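Colleague: So the chains spell out like this:
Number of protein chains: 2
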Amino acid sequence: MHEDNITSWFAAQSNADASAFPIGIGDDMAQIRAGADGTLLVTTDMLLDGTHFDLSVCTLEEACYKAMAASLSDCAAMATIPVCAVVAVALPTDFGADELRRIHAGVVDAGQRFGCELIGGDITKWKENAESFAINVTMLSKPSGHHPPVRRSGAQVGDIICVTGPLGGSLHGKHLHFTPRVAEALVLTKAATIHAMMDITDGLVTDLNRICTQSGVGALLEAAQLPISEAAKKTDDPMTAVFYDGEDFELLFTLSPAEYKKIKDLDDVTVLPVGKITDSGKIQNRLTDGRIVDVPAGGYDHLGN
Amino acid sequence: MHEDNITSWFAAQSNADASAFPIGIGDDMAQIRAGADGTLLVTTDMLLDGTHFDLSVCTLEEACYKAMAASLSDCAAMATIPVCAVVAVALPTDFGADELRRIHAGVVDAGQRFGCELIGGDITKWKENAESFAINVTMLSKPSGHHPPVRRSGAQVGDIICVTGPLGGSLHGKHLHFTPRVAEALVLTKAATIHAMMDITDGLVTDLNRICTQSGVGALLEAAQLPISEAAKKTDDPMTAVFYDGEDFELLFTLSPAEYKKIKDLDDVTVLPVGKITDSGKIQNRLTDGRIVDVPAGGYDHLGN
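Chains as they are written, first to last, in this note's numbering: chain A, 12 to 316; chain B, 12 to 316.
Possibly wrong hints are sitting among the right ones.
One copy or two, either will do: identical chains are not told apart, so a pair holds if it fits within one copy or between any two.
Derived pair list, reagent style DSBU-like, types lysine-lysine, alpha-carbon separation capped at 35 Å [said to hold, decoys possible]:
{"hint": "1", "residue 1": "Lys-273", "residue 2": "Lys-136"}
{"hint": "2", "residue 1": "Lys-245", "residue 2": "Lys-136"}
{"hint": "3", "residue 1": "Lys-275", "residue 2": "Lys-136"}
{"hint": "4", "residue 1": "Lys-138", "residue 2": "Lys-272"}
{"hint": "5", "residue 1": "Lys-273", "residue 2": "Lys-138"}
{"hint": "6", "residue 1": "Lys-136", "residue 2": "Lys-272"}
{"hint": "7", "residue 1": "Lys-201", "residue 2": "Lys-138"}
{"hint": "8", "residue 1": "Lys-293", "residue 2": "Lys-136"}
{"hint": "9", "residue 1": "Lys-275", "residue 2": "Lys-138"}
{"hint": "10", "residue 1": "Lys-244", "residue 2": "Lys-136"}
{"hint": "11", "residue 1": "Lys-201", "residue 2": "Lys-136"}
{"hint": "12", "residue 1": "Lys-272", "residue 2": "Lys-293"}
{"hint": "13", "residue 1": "Lys-287", "residue 2": "Lys-138"}
{"hint": "14", "residue 1": "Lys-287", "residue 2": "Lys-245"}
FYI, nobody ran anything at the bench for these hints, they're computed from the structure.
Everything numeric in this text was worked out from a predicted model, so none of it was measured.
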């Protein structure tokens with residue numbers, strides 16, 4: 012199959028929201044139209060077999076669902092509305108039309124849940140020297156209109172730190188099937204002013220440390236409040252799993268105590284307070300016996316060093 | 012180095028046009044602002060070691076220049092103005108900070124020539140199972156304002172077919188160092204109405220066949236007018252090189268004879284007429300002895316089938 016056929020086929024099979032975003036099919040670029048003020052947000056992420064998923068134990072559909080869902084989670088992280096995506100794949104030499112259909116199915120499965128149109132792509136193939144599947148998703152989103160895109164840098168001393176679900180142990184299965192918190196982020200930012208937010212991809216402590224560093228603040232976690240996932244409970248050290256396991260894809264956000272009251276009992280969103288923003292400049296944890304201990308940042312290093 | 016550091020460093024080192032496009036650094040998405048009418052065009056392309064370049068005989072800088080230049084060539088193909096790019100890379104396990112600097116240098120070298128800002132990216136690493144470098148460029152561009160983005164589907168019977176430079180033999184060196192025809196495309200579309208255009212990536216005949224198929228027309232090439240590159244002249248069969256060699260990255264476009272007169276003597280752009288659009292529904296070639304022969308479409312198959 013030629014690239015043009017695949018690209019057209021990708022585009023032709025994408026969902027029916029094209030009227031909102033005039034799209035040229037089969038040209039060198041896909042065309043979109045930004046929102047009222049022209050602001051768009053863009054994220055790009057490459058996921059690799061053996062690093063982000065393992066095709067010897069998961070399906071192509073799951074891997075490609077995850078790739079798309081991870082980008083949707085980036086939209087959630089800033090409380091923006093997903094608009095469209097372009098997807099590029101690098102195929103092992105033995106992949107053919109059947110594998111392409113499965114790739115497409117995984118991508119569209121995730122995208123359609125959030126009205127995120129697949130508007131174009133690129134298919135390329137390794138030579139014999141490499142046999143590993145790679146998928147790159149670039150996603151565009153737009154501001155919600157009711158809240159500016161939420162940055163990581165806005166946390167303030169006294170803020171309550173919240174997450175949207177239990178943490179830890181995602182690699183035991185959740186990381187392939189998680190629901191990106193797109194809807195939750197929009198509900199939260201409609202109900203309250205959020206100071207800082209991101210999605211937890213590299214572990215609670217590592218990602219909280221990013222918010223703290225970029226905001227010039229510290230944080231005090233409350234051990235008694237930390238939500239331990241069922242998967243984490245099955246590990247030897249659940250608290251370490253909660254702190255450092257990656258790919259939870261839950262939202263991590265901070266807001267003032269007054270704003271917190273507006274969201275703590277929402278029907279549609281799980282809001283779990285886990286601590287407070289402090290002026291300590293570091294991440295600390297209050298143990299159940301009352302002692303306060305420092306928590307090393309640690310976490311996932313993308314260069315593996 | 013953590014992803015945040017790399018991303019910030021990528022962004023921090025990109026060129027100084029940030030004021031035109033408010034950009035959030037270190038967040039989950041980069042922010043841009045579209046042009047007056049909100050229209051943006053997007054292209055994504057994955058380039059692989061061993062397929063699109065060979066790091067055993069070229070430098071990382073050259074490979075990454077090529078990746079960025081290929082996307083800039085997509086902007087040229089539609090006569091749009093490059094705005095910004097996000098770049099994701101998959102690194103072999105032994106790559107470190109030095110390789111990242113060289114990747115960045117190649118990307119920025121190409122981008123800066125056309126005011127195309129690097130606004131974000133993603134760095135990821137293979138596990139031991141794979142050792143091949145991959146780079147994905149997603150580029151956004153905007154309409155020029157003086158001519159709508161040029162599609163492939165607008166060729167009309169009687170149009171003159173032109174290219175912007177000699178063809179064939181690109182893989183002997185040009186493919187790593189070509190100049191994307193961004194400026195030329197803007198000059199051409201300012202001077203005349205272009206009916207159909209693309210950049211030649213898979214060979215003159217294959218790409219001309221795309222224009223013809225999408226436009227519902229045919230084409231008659233004139234063998235005597237075909238511009239043979241110096242590299243093609245050194246091959247055993249220069250005409251086959253002109254017809255089928257990929258990665259020339261010259262523009263291929265069609266326009267009416269009246270419009271052609273407006274651009275045939277431009278100072279800044281090489282305009283080489285190579286034939287005419289016909290109603291034959293196929294690609295033909297008029298040999299120097301006057302005989303007309305059919306030309307098989309052929310060309311590069313991205314799935315290698």
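Colleague: To test your reading of the hints: which numbers does this structure violate?
Modeller: 1, 3, 4, 5, 6, 7, 9, 11 and 13
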